[in-house]
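Chains as they are written, first to last, in our numbering: chain A, 1 to 338; chain B, 1 to 338; chain C, 1 to 338; chain D, 1 to 338.
I should point out that these hints are in silico values taken from the structure, not numbers from a laboratory. Among these hints, one or two may not hold up.
What the hints assert, rightly or not - Cut-off 25 Å, straight-line C-alpha distance, at most; resulting in silico cross-link-like pairs (DSS-like, lysine-lysine):
#1 D:LYS44 to D:LYS259
#2 D:LYS142 to A:LYS301
#3 B:LYS142 to B:LYS182
#4 C:LYS90 to C:LYS44
#5 D:LYS173 to C:LYS259
#6 B:LYS301 to B:LYS315
#7 C:LYS142 to B:LYS301
#8 C:LYS173 to D:LYS301
#9 A:LYS259 to B:LYS301
#10 D:LYS259 to D:LYS301
#11 B:LYS90 to A:LYS173
#12 B:LYS315 to B:LYS44
#13 C:LYS301 to B:LYS142
#14 D:LYS301 to A:LYS142
To be verified - Partner residues aside, some chain D positions facing chain C, computed with beta carbon under 10 Å:
#15 MET171
#16 ALA175
#17 ILE178
#18 MET200
#19 ALA215
#20 MET218
#21 GLY219
#22 ASP255
#23 ASN325
#24 GLN329
In this text, a Cβ means the ideal position worked out from N, Cα and C, and glycines have one as well.
Protein chains: 4
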Amino acid sequence: MARPPVIGIDSQPTETCIPMKHEFKGMFPAPPTPVTEDGRVHEKALRALLDDNIAHGASGFWMAGTTGEGPILTEDQRDAVARISGEVCKGRVPVIMHVGAISTASAVRAARTARSAGCAAVCCLPPFFFPSSERSRIEHYKAVADAAGDLPFFVYNLPQLTQVETVPALMEKFARAIPTLKGLKHSAPNFADIRVFADMGLICFSGNGAFPLPALTMGAVGTIDAPLSLAPWHYAELFSAWEAGDIARAKALQDGVRKYVDLVWMFYAMPDVCKVVLSARLGIDCGRSIPPVNSLSDEEKREVLRVAEGLGVIKPQPRQTQDLNAEVQRTQRALRNP
Amino acid sequence: MARPPVIGIDSQPTETCIPMKHEFKGMFPAPPTPVTEDGRVHEKALRALLDDNIAHGASGFWMAGTTGEGPILTEDQRDAVARISGEVCKGRVPVIMHVGAISTASAVRAARTARSAGCAAVCCLPPFFFPSSERSRIEHYKAVADAAGDLPFFVYNLPQLTQVETVPALMEKFARAIPTLKGLKHSAPNFADIRVFADMGLICFSGNGAFPLPALTMGAVGTIDAPLSLAPWHYAELFSAWEAGDIARAKALQDGVRKYVDLVWMFYAMPDVCKVVLSARLGIDCGRSIPPVNSLSDEEKREVLRVAEGLGVIKPQPRQTQDLNAEVQRTQRALRNP
Amino acid sequence: MARPPVIGIDSQPTETCIPMKHEFKGMFPAPPTPVTEDGRVHEKALRALLDDNIAHGASGFWMAGTTGEGPILTEDQRDAVARISGEVCKGRVPVIMHVGAISTASAVRAARTARSAGCAAVCCLPPFFFPSSERSRIEHYKAVADAAGDLPFFVYNLPQLTQVETVPALMEKFARAIPTLKGLKHSAPNFADIRVFADMGLICFSGNGAFPLPALTMGAVGTIDAPLSLAPWHYAELFSAWEAGDIARAKALQDGVRKYVDLVWMFYAMPDVCKVVLSARLGIDCGRSIPPVNSLSDEEKREVLRVAEGLGVIKPQPRQTQDLNAEVQRTQRALRNP
Amino acid sequence: MARPPVIGIDSQPTETCIPMKHEFKGMFPAPPTPVTEDGRVHEKALRALLDDNIAHGASGFWMAGTTGEGPILTEDQRDAVARISGEVCKGRVPVIMHVGAISTASAVRAARTARSAGCAAVCCLPPFFFPSSERSRIEHYKAVADAAGDLPFFVYNLPQLTQVETVPALMEKFARAIPTLKGLKHSAPNFADIRVFADMGLICFSGNGAFPLPALTMGAVGTIDAPLSLAPWHYAELFSAWEAGDIARAKALQDGVRKYVDLVWMFYAMPDVCKVVLSARLGIDCGRSIPPVNSLSDEEKREVLRVAEGLGVIKPQPRQTQDLNAEVQRTQRALRNP
């Protein structure tokens, strides 16, 4: 059964969200990692952020990925992220904990923590910076998957940053070596491979918040990306419309995602943009990006907040139902009488 | 109004296809260019090919593109393609004639021919091989668009082969310089730009036959690619289902396109594969690829024909309606009770 | 025996240059192709250009390459280049005629012309624009080499523009298939491969005028590039110093090449820059680049001429011997007492 | 004054090497980082390695770079490398300590350690993995250079692994922001930029052991790379010949470097190859590469040792003087009577 639209609910956790018990499907925000001035994970901010996103319809989370600055966190910071998100989401939505690190030893440690922290799955970048052979990639993944025990293992396919593309032929080798391999976050530009991975029986999340509906029509189970953390209600409603077969409504919502994606990409400082906007929404200082990750200048920060304000991202408002309906009707007319 | 499904009609032209009078929308095959042994365009084969595709639901054509080996044709060959397809399609479906060439002079000549031949539009690659400045690209396009007179002008966005990506900022410069610029064939990997181009008011065809439905949900008006020439009925039916808002049917058909795409990409010899398969379907020798464009070995050719036979591409059969319905019902169940 | 330095000789052909009779060694300018306003090769300008370069120490020529706009010339234009340069250089220096074209048929025609025109060798780009398999590349080259008969065949390794890199493993396959394969123009960024190709017994010219001396120390026999056409005396003298084992003089000249390279790259319009500068030097209008190859605006043209004037490229002057000697002494001091 | 050739000295430290007191010039090995089974830096092995390389003519060292697995070392491991190499090299040769890390905080810590450990300079990768703006790159470098105090600061230009190329225009921005910027290790493919950086007054080391002589003729002060750690005597002698102006001897030695480079690149496992070979030479187990850095299988290890044995890298032997002289004479003949 499709979940009801979540438009208009306020930012406190409510009972309207159905516990999904480790179901890997739908819209998973990839939130930033709030940090304090002295370099610890800001627990209160992180809890508030996760509650906010769940209340607004998040189907699950992808923690400590690229927007979460995972590969640059200290091991203690990463452990804290796993522990806190495991606690907050327990019995509510699944947490996929990203554990990729520059060394296998560090990724293995993170995988152990994720398991004991109650995360629903681990996900891992392939080796990065140092060029890697297929054997190294497989051994890296095996060590991490072993450390995660029976948790499902997800591949993180992000060739733009790792220079390693998990093409289907390589994925088959991973699948043969790793019994717990269950899926991937596909952030590679090759859109057609979503279908190929789905045909392999993998749970394929698209990693690009710019096209959640196209990805669903292609065989993805959902989308994981940073914009979902800023506007989870919009993505959740799109997913509901898709599940209900209401293509005109889904298309109208798809047409609207671009503005959230453009917001997140402002000044090429994604983690900083997300922290700045969520600080304003939550009323808790989520800190700033960790150097050398790009950060906003004061002027850029003001501009980001101005745009976010205009998009209703800082103070989410119940959307006027008639507004959305008008949009949907326009889309229906366009589809039927083109 | 949506066109009726074209499943089951035979390969002769019929009156079931509605003349679209230069409407740039739907599924446009990008056919190969049949040639005779002595190096002329094989007029009879080309006429039969176009009739076949129209009968099977093609919404229009994209002639002398990459699969059509346009940039390697002699000027006489290219002129013949424009003249023949203009004649065959007149009053039936629009022909977008690709006129891109390594020199501006040659592209200008082709644009003039396209106009006098009754083509509905011209499309053009940016300068290739020699690195080009923005000014050179704009001047190249202006010269070609001028030569095409009042015909709509389409950009061909194919950075994989030209090393020039028409990103939205560049497209805006083209639009300012060229009053007749109406749209593009977007074959770049950046799937998200489809939405951006649509928001600019451009007619955006996706150039990738692997994801016609996702492209439509993203704002594309249709798809142009080689597989559409081999299985036009499949793509036409998908487009009809989309226009009818029947998302389960459209999704079931989308799930099926991969096999046609894989066929076309066999042995990385797309024009040769298309000629070999269409020769078998039409019963007319369409010739082979023009050297040095990749060609199939005898063994590879046999394998291609075997696969094509298995897919029903050589002898298109009326599909059993209950088969498709079963697929659609499976898709509906998957969507509604996931 | 080393040729004498050619400093100070004027721009008319003289008897000081020793006929090299098809010896592939030294500094080979890659000149532009002068054209008339009505689109023919400007024979008088081309003859003057070749005479000028020979008089200033050119060891041979590389005609109709990238700077020569070879792949964009009409077949008639290319034939004229082969005929004229064959005639002018006969008994003086060897002409390597570049015959690469987008179609095999066109490259084959050019190879036949090169042979009958008295060129010393042919050189050929691999297939470009259309992706090519190894088999296609080999067959393309075989057809062209066959057409050239007993003329030595050179590979043109220019992956920046062709997307095909002739790595050593591929070169070995070419060598097995083509008995007349004798060498290459190596314009790929991989500087280390010069040594590998030399170790394979190939005549390896560097294709980058920025580092003639490093290439010689690496095993190249010389350099082929556009700047050599603008300042042949400088490169010729460097080569003489190298052959004489006068490393301080060679190094001092190497330090000076950058200014000629920077001139040629001004405004990314290499063929146009070369034509504009040589027009001024020869006093004959060499025409302009062929669209869509980048061309200079009027203002850019003035700036190019101003810089060329300052470098002594427009009116070559006998260099003050004491100036060069001072430079050489500085270099010697730097080397010996670092 | 040129240092005497070091051919024939055995692998124990001797008094024949002249202390260079922080002179950044010549041949700097980039050694691997020996580790113990329990994950500490193997102090005894590292001391022996540095002594061996100094005895064989190393002009200085580049520690904890890519071959030294710097970015994957724990902070404690990196500190140990700085401390040990500072001690061993004090008063003998300069140590350039690479401090680049994925986070600015970690690189800053390493820079402080390098300074207190007596290293002669620090070098640093730009931000990697996370995309960086120019401002982020400059701020990252400023923080690291500040932490290094008055130590000279070197840029590490390695776009193959960082996706950031320090082109001359960017280098100028670094130079304006960082008063202690003195030079770079240039490992980018763009060979011509060596001259540009030298013209900017920077100390430019080539980062590619395949072409030490070409780099010197281009304006580099020397070479830094992994093969120099395996065959320091060969590179040292080449540098001596260059300084003595003996180009035939330098060229003969340049012709010979390829075999050492090919050794280091065997199986794309550079750090592991270096550790395995140096373990055999020093008679101390240097450990293996740190996962996921590529490692050799048992069979590959045997093959590496077999090749290294054949090259005289495991038991360096006094080379027969007449052998080298014969080579030099051949080179001289080739140069003079080509």
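Here is how each hint holds up against the structure:
1. D:LYS44 to D:LYS259: violated (29 Å)
2. D:LYS142 to A:LYS301: Holds, at roughly 23 Å.
3. B:LYS142 to B:LYS182: Holds, at roughly 13 Å.
4. C:LYS90 to C:LYS44: holds (17 Å)
5. D:LYS173 to C:LYS259: With Cα atoms ~22 Å apart, LYS173 (chain D) and LYS259 (chain C) stay inside 25 Å; holds.
6. B:LYS301 to B:LYS315: holds (17 Å)
7. C:LYS142 to B:LYS301: Distance of about 23 Å is within 25 Å: holds.
8. C:LYS173 to D:LYS301: violated (29 Å)
9. A:LYS259 to B:LYS301: Violated - the C-alpha atoms of LYS301 (chain B) and LYS259 (chain A) are around 48 Å apart, more than 25 Å.
10. D:LYS259 to D:LYS301: Distance ~17 Å between LYS259 (chain D) and LYS301 (chain D) Cα, so the pair holds.
11. B:LYS90 to A:LYS173: Violated - the C-alpha atoms of LYS173 (chain A) and LYS90 (chain B) are around 52 Å apart, more than 25 Å.
12. B:LYS315 to B:LYS44: Holds, at roughly 20 Å.
13. C:LYS301 to B:LYS142: holds (23 Å)
14. D:LYS301 to A:LYS142: holds (23 Å)
15. MET171: Because about 16 Å separates MET171 (chain D) from the closest Cβ in chain C, which is outside the 10 Å limit, the hint is violated.
16. ALA175: violated (19 Å)
17. ILE178: violated (25 Å)
18. MET200: violated (12 Å)
19. ALA215: Check passed: Cβ of ALA215 (chain D) comes within 7 Å of chain C, closer than 10 Å.
20. MET218: holds (5 Å)
21. GLY219: holds (7 Å)
22. ASP255: holds (7 Å)
23. ASN325: violated (16 Å)
24. GLN329: Hint violated; GLN329 (chain D) Cβ to chain C Cβ min 13 Å, cut 10 Å.
Violated hints, listed in ascending order, are 1, 8, 9, 11, 15, 16, 17, 18, 23 and 24; each of the other numbered hints is respected by the structure.
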